[in-house]
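For the protein sequence lines, the chains are A and B, in the order given. Start counting the first sequence at -4; every next residue gets the next number (our numbering). Start counting the second sequence at 182; every next residue gets the next number (our numbering).
Derived by calculation from the structure, the hints in this document are not laboratory data. The reader is advised that the hints may include incorrect statements.
Unchecked claim - Per the computed footprint, the stretches of chain A lying under chain B, defined by three or more beta-carbons under 8 Å from a beta-carbon of chain B, are:
#1 50 to 62
#2 423 to 434
Unchecked claim - The following label-pair restraints were derived from C-beta to C-beta distances:
#3 A:V128 with B:T267: 41 to 49 Å
#4 A:V94 with B:H226: 24 to 32 Å
#5 B:F220 with A:T325: 39 to 47 Å
#6 A:A552 with B:R223: 24 to 32 Å
#7 A:T29 with B:E235: 54 to 62 Å
#8 B:F217 with A:T29: 53 to 61 Å
#9 B:R223 with A:T325: 38 to 46 Å
#10 A:D235 with B:Q224: 15 to 23 Å
#11 B:G299 with A:V94: 49 to 57 Å
#12 A:L93 with B:H226: 27 to 35 Å
By construction, the Cβ of each residue, glycine as well, lies at the ideal position given by its N, Cα and C atoms.
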Amino acid sequence: MPESPEGAAPAVPVTEPASEPTPAPPPVRSRWETWTHEVFTMREDRFFLLLAVLIGIFSGLAVVCFRLAIEWTQIELLGSSLVPSFPRVVLAPTIAGLVVAVLALRVFPAVRGSGVNQTKSAVYISNGYVPFVTVIGKFITCALAIGSGQSLGPEDPSLQMGAGIASLIGRRLRLSQDRLRLIAPVGAAAGLAAAFNAPISAVLFVIEEVIGQWSAGALGAIVLAAVSSVVTMRYFLGADSLFRVPPFRVAGAFEMLDYVALGIAGGFASLLLLKSIVYARPKLMALPRWTHYLQPAAAGLLIGTIGIRFPQVMGAGYAIVDQAMHGQFTWKILLILAVLKLLATGFSFLSGTPGGTFAPTLFIGAMLGGAVGSIEHHFIPTLTGTVGTFALVGIGTLFAGFLRTPITSVFMVIELSGNYTAILPVIISTMIAYGISRAYQKVPLFDLLARQDGTVLPSLEERREMMSLAVEDAMRTDMVVQCEPGETITDIAKRAEAQPEFALLLRMRPGEWWLLDREDVMRLAPDASPTVTAIRAKSRGPVPYLFPDQTLSEALAVMADWPVLPVANRANLAKLEGILTLADTLMAFRKAPKEEM
Amino acid sequence: MSGVVQAPMRYTGPRPNSREVVLVLCVLTLILLFSFTAFISRQYHKKIHTLADEWFAAGEERFQAGDPNGALTDYQNALVYSPNNTKFQFHLATALAEARHYDQARPYLLALLSESPGSGEVNLQLARIAAQNNSLPDAERFYQGAIYGEWAGDDPIGMRWQIRREFCDFLISKGAINQAIPAVIDLAENTPDGDAARLKVVGQLLLRTQQWSRAQQVYRSVLSSDRRDEEAIAGAGLAAFELGEFADALDDFNRLSPERRAQPEIARAYEMAHRSLAMSPYLGGLSEQVRAQRAENALSLAQARAQSCARQLGISLLETPPRTELQITYATAQTMGDNWNLRNLRDFPDRLEAAMQTAFSIENAAAKECGEPQGDDRALWLLGRSRNMVNR
């Protein structure tokens, strides 16, 4: 209804004459059309938020089905015991590996790998296009692979499935290109959140790893999708955290040092895993194509062989992580399981078997953490942190070191455990592992995989590490003659003559500068009476101003055709800190040290 | 393997007029998918509940058959399908404790305790683990938690009594007698008067914590309802013996069957009671001569014990000035030797008590320096102890 500018009464009051007959109510179809028109012509951003909820529910349902499919496959293929019988333990992953390879190479060619980079590629290369057949393929092949005991997890595939569902809905709704690009991460967050039962971590991971930047435009939709998918998942599978962590407490500051050792161990373990992928993946990919049919089966055979003695390394291994948290293994067993899981995950992942790396990372981290904790307990019996505490911190540590998502890692530990107590140890350990991994492996895992696949995708880490030049790095604190409106032309001309290179800035009021035309000032000066002030001279303005802490990229955006921009003080807009020119900006970029790639 | 998928060429951009239909289809699909998920979810939960129950039943079977190690895997399998089932967790923890994997059982129990701090059975398991780990403070805390915790069975009071008893046994076995005494007294106060079996257990614990008169009282109360209860007679006899009531002890021991009297502890007490009575100058009906003779014998015996102990320690009893208690008491006996000879003790009966106290002091000092005596020396030492009790 049109309103007056003040938003008060309607501009034209409408009154029905009493004598006229009441018009018949509009037909149902017409009313439906009016309503749908109102709904569907709502602002695009609001519609996008509504869509995010819908995508969240779809993704949540898909993830529930996916998790049930994995569990069911596992029960059918490996049996219901934690210790599968001998023929099954070897045959199931081997034969399933063969089937998965055929499906992945013949029927669903885009399902290989974890799914994170595929989603990222969709965002940055394919305008948010994720074919729905990939979702179906991912569902089937991953359920078969993980259910048969391959050392992979369901989280990353869930992420890709969420993205695929979102992409399909977006395409069907004929969303704009921009929205289509955004909708894949929205679905990805929903899928990951439901798989992990951890909405905050999922949102952070998608921002850190899939979008690669903090995008305010997508954040609302991503959060809504993540929350709605988790609510849907919890409706079917319950609200319990992924792991049940026994109660623990973390003592004083001195005990924090104990987690430093875990950070170092986790850092080098993740480095080992990363380096093995750097080394072996291109070599395996370069093998003849027929070997790709056999690689998942070979990985399955190796994992099955390990599983004869240590069945704990098979599958996602959440139940085993739970046992480790409850101190069910000695430090030797924990260490053996960490090493074997590292190997098994390497086999599965490098063979191109579809499946995620999150769950194995959590597993290795928990085992390593538990082992370090047990060993420390042996030498420091008074240690208050339990083996479970170390296992929990280990999860975040390896996650940060291997996947290089430190913020996600910290929040993930809190969400997975439902316990805030371990926050300080997690931060300490995580940052150490992240530092070690970054120091010895410059390119993060997903970037590395993308480069091995021949694509270059942006990452938050890369952007975080990019040299960000500020205005203060390029501005000049001299080279300016600052004038006041009441100043006489003669005085200004004298000062300008003394500094022929300097710009002439006229400060009209705090935060408002005008650029004086030097030539006009010099022209007016000889004949000007002492009462003629700066106002009389030609000037351009107001000139946009900057602050010293703004980036040079921002400066370039406002520079346009201004030859010089004033740099003001944030606390006192009347104070000029310096000036910035295009030449100075370009010089600063040239002088900046180049980042090592 | 790049995974990059290009959008198909036929994609022509937005066409908003089809949104209504797509959204309606989406909602319909959602309803269908929701129903399908609900169906398979229900089937799945049914399946895993069955599996969990089957594994748990298998675990129970093995545990009942005395195979806690075998039951562990079954319980763990059950927990895979029902991870938050506290009953399964508790049974797993119990099996772990039974299989002596205390460090593995503890985290499960602590997790359960954090959920239900008042659970008697969780506290009890934790107390037992703490007891196995020789952690007295933890054991005390958890035993108290178990005693005052909730018990679901038919007889919570009986359960609490059993735990109190277990707690007392634990404290006594760890030599924590000071902590055990109030626990045993608490147990005694929570034992029904007519329950002879439990009263006898309490009596035993009172004896072990050296609460002789309370033990005697408990045994006498048992005997008041059944005079022939041999265990109660033996207990009462031992309590009487420890209280220095040797005559009463002998009375009790004499009522026992020869088999029971032949039990080492009772046989030792029986013999000692005999010896002590035979050495005692305090018995009624003795002539002055016999009293004096017994006192003189006691002094001689004590001095011989002092000499033997001094030899064992490698010290001289005649050191001047005497430093140790043994030297002092021996010097007293030597100094008073003439006053405490047979004749003087007989003629001056008032000196008898001082002579006997010196003999007791020598025995006490020797016991402190060289360990508890044996044979007649022990009988004299016990006599002294009982005499001091009477005097107090």
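How the hints compare with the structure:
1. Beta-carbon proximity to chain B at under 8 Å applies to 6 residues in the segment 50 to 62 of chain A; the threshold of 3 is reached and the given coverage holds.
2. Interface restraint, the segment 423 to 434 of chain A with chain B: violated (0 residues with C-beta to C-beta distance below 8 Å; minimum three).
3. Checked against the hint of 41 to 49 Å, the pair V128 of chain A and T267 of chain B passes, with Cβ atoms roughly 45 Å apart.
4. At roughly 28 Å, the beta-carbon separation of V94 of chain A and H226 of chain B lies within the given 24 to 32 Å, and the hint holds.
5. Here the CB-CB span from F220 of chain B to T325 of chain A is close to 44 Å, well matched to the stated 39 to 47 Å.
6. Taking 24 to 32 Å as the suggested C-beta distance range, the pair A552 of chain A and R223 of chain B does not conform, at roughly 57 Å.
7. As the Cβ distance of T29 of chain A to E235 of chain B is approximately 59 Å, the hint placing it in 54 to 62 Å holds.
8. Judged by the Cβ atoms, the range 53 to 61 Å given for F217 of chain B and T29 of chain A is violated: they are separated by roughly 34 Å.
9. The given range of 38 to 46 Å is respected by R223 of chain B and T325 of chain A, whose C-beta atoms sit roughly 40 Å from each other.
10. Taken as a hint, the range 15 to 23 Å holds for the pair D235 of chain A and Q224 of chain B, whose Cβ atoms sit roughly 20 Å apart.
11. Taking 49 to 57 Å as the suggested C-beta distance range, the pair G299 of chain B and V94 of chain A conforms, at roughly 53 Å.
12. Separated by about 32 Å at the C-beta atoms, L93 of chain A and H226 of chain B satisfy the suggested range of 27 to 35 Å.
In summary, the numbered hints that this structure violates are 2, 6, 8.
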